[in-house]
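Engineer: So the protein sequences, as listed, match chains A and B.
Note that our numbering gives residue 296 to position 296 of the first sequence, counting from 1, and the numbers run on in steps of one.
Note that our numbering gives residue 187 to position 187 of the second sequence, counting from 1, and the numbers run on in steps of one.
Since the hints were derived computationally from the structure, they do not count as laboratory data.
Watch out, some of these pointers could steer you wrong.
Same chains, same names: a pair is fine if it fits in one copy or spans any two.
DSS-like, lysine-lysine: derived pairs with alpha carbons at most 30 angstroms apart [what the hints assert, rightly or not]:
1) Lys399 x Lys18
2) Lys243 x Lys399
3) Lys18 x Lys34
4) Lys18 x Lys274
5) Lys274 x Lys243
6) Lys18 x Lys182
2 protein chains.
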Amino acid sequence: MTSRMELLSSLAVENLTKMVLLVVDGLGGLPGPKGLTELESARTPHLDELAARGETGLLEMMGPGVTVGSGPGHLALFGYGPDCPVGRGVIEALGVEAPVAPGDVCARGNLCRIGEREIVVDRRAGRISTERSRRVLERLQREMGPIDGVSVALHPAEDHRFVAVFSGPDLDFRLSDADPQKEGRAFRECRPLVPQASFTASVVNAFLARTREILDGDPEVSGCLLRGFSTRPDLPTLEELYKTRSAALAAYPMYRGLARLVGMEVLEAGPRPKDLFHAVQAYWDDYDFFFIHVKTPHLRGEDGDFAGKVRALEAFDEDLPILVDLQPTVLAVTGDHSTPSLLRGHSWHPVPLLFFSPYGRPDDVISFGERVCARGGLGRMDASGLMGLMLAHALRLMKYGA
Amino acid sequence: MTSRMELLSSLAVENLTKMVLLVVDGLGGLPGPKGLTELESARTPHLDELAARGETGLLEMMGPGVTVGSGPGHLALFGYGPDCPVGRGVIEALGVEAPVAPGDVCARGNLCRIGEREIVVDRRAGRISTERSRRVLERLQREMGPIDGVSVALHPAEDHRFVAVFSGPDLDFRLSDADPQKEGRAFRECRPLVPQASFTASVVNAFLARTREILDGDPEVSGCLLRGFSTRPDLPTLEELYKTRSAALAAYPMYRGLARLVGMEVLEAGPRPKDLFHAVQAYWDDYDFFFIHVKTPHLRGEDGDFAGKVRALEAFDEDLPILVDLQPTVLAVTGDHSTPSLLRGHSWHPVPLLFFSPYGRPDDVISFGERVCARGGLGRMDASGLMGLMLAHALRLMKYGA
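In isolation and in its complexed conformation, chain A is listed as follows:
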């Protein structure tokens, strides 16, 4: 826990206000052919109206130049700064809804092909299909059995990717990657980074060896690589920290998992923005903090589909009044990272923030876009500062010191 979280926590009080954090995945972008970004190009009258009535700014997710994944991006928005890291293995496990108990060690895995002299000739086993990968993992799961009292659960992800969860007593995640990172290099076992992890290293390496025995003879897939060993972090929940009853509306497993990690109740709803917003409406009286995750703009950005991202933003704007009509005390609209179509992936660019509350100083920004937000009244702030700002505007923080 950071000292800022401790400070906010010591000041937090309960009241009847409602806070909504609307995360538009991959919200930020870069200029397209006509010089405007996706968000600047999109016709978003409802966002623009909120921008005109509220305040705007830019969020730095993890300092200048750092491109964050969805895990650290969301955790920052929830107020858990870079001092509360969550391992990649765990985030990946959340993404495939793999159960991870306290003490379990997770890792991201690749099915791969290992050739002569232990050389990893293809780190992705020819990018084999999700379906074929699933069958291979089922076979491994069937034939593997526990290793020195440690059970291993294998969960397929996309293509050649999977998640391995090791469960048993005395495990320690502090291991080096069992992955040469580049093709043409020799396969490598994991090493314990601290003496306490020696037992876990021996189990993991036995698992890797056993995998190669089981797959012996398969021309395509002859082994696997593991990286990002990590364990479920023991984060204080939002309720413990700030006395808020929090709920998450998110269609994708990873975001549901991230929400659970900070103690949110995950509610059921369809995947479209209007489904999510209607669900908030249905549960309005039961919680005081709502996290809503809208996925499509990121997917179109990742496809490099500029027009598609523009349409996805317009579609979500159309449904926005469902949420606005609930009259939340504080409404923050932002993203967990930028996904410019130009880069076809996550980027480091700061993310636009739209902030609405009765206690703001409305700035002169009257539309929602990256460059107008750069001149907004909230300035450029660390994403991990947003939660404190939402609590303050909901009058949920006492004064510090006399």
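Let chain A serve as the given structure and place chain B on it in line with the hints.
Structural biologist: Relative to the frame of chain A, chain B by itself:
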């Protein structure tokens, strides 16, 4: 001492420049009925002229969303960041001009009424008058006597409030509050938070018990509550840090106390801005750093009196030429926190900063207000960075590194 203070201190040199820090208590506000804040509404030609010639920005007192009290607010402006906390008991003691020697333990007190089964039925003893409260405290002081070699001094504050200062050897302030915080709960003694504080806890609890014996039979006031146990912090003075001879002009005890805490000389002057400014004029040759505290805008904000706060700002602007005509090398005008009339109290909103020196880069802001300052050339900065900026513009900091 923070690493930044150490760095600045290592670079500080003396010269003949003059620096003025003018703190307008509760300066920042929120839009009123016409959409403008108190400061934006006020006719302040002299501030506007300074803004046009100088630079502007916004100060974050303690990170986004945190509302600071006057203690941490002023300490931040003096360059003592959140790593130099000062306990509430001490700040309160400064506020009533209670002498506090190194090692003394102070606490904020409430006279209260305790009923059947030790239940605190009224934490404020019916909000008894300051006058009646003073008589009760005098009686307690007269009849109490030392406890195990520790003397107790009781200082009346407003209404039911007072400050207790425990003086004697081997005291330790690390005690839990002797206050159930809410009415209807049982009275509670203080507990030592560390073993070294056991003796102090026994003295404080004996004091609380003795208080109830003395007041036995009084239908209104039957005991007291104590909270915020703290001791005088051992802060390095501004002179030790930056080689400045500093003076404070402040009419209210708390600000005089805060100034003394960082080693300023506290000068005598009347309460009106013009009295304070004339005093600066009178002592101009004797000091090189002047801290001036103007109180009225905060009081009107706390009353929820928008028009009154506007008038208070206009009144202080009228007298400003007295100060400007002294031609300080550096003049900073800001506040220790915002006090919007809308919220009738301290708030978390960043505070406008007006900064004038011969070595600035004047921005295009030509009036003094919250929202123009948000676009000012100094941007949004941590309040604890201001002192370094003032020293730099006064050419009092050497280069760091070759």
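Engineer: Each hint needs a verdict: does it hold in this structure or not?
Structural biologist: Structure-based check of each hint:
no.: 1; hint: Lys399 x Lys18; verdict: within (20 angstroms within a copy, 34 angstroms between copies)
no.: 2; hint: Lys243 x Lys399; verdict: within (16 angstroms within a copy, 33 angstroms between copies)
no.: 3; hint: Lys18 x Lys34; verdict: between (39 angstroms within a copy, 27 angstroms between copies)
no.: 4; hint: Lys18 x Lys274; verdict: within (19 angstroms within a copy, 46 angstroms between copies)
no.: 5; hint: Lys274 x Lys243; verdict: within (28 angstroms within a copy, 47 angstroms between copies)
no.: 6; hint: Lys18 x Lys182; verdict: between (49 angstroms within a copy, 25 angstroms between copies)
The structure is consistent with each of the numbered hints, conforming to all of them.
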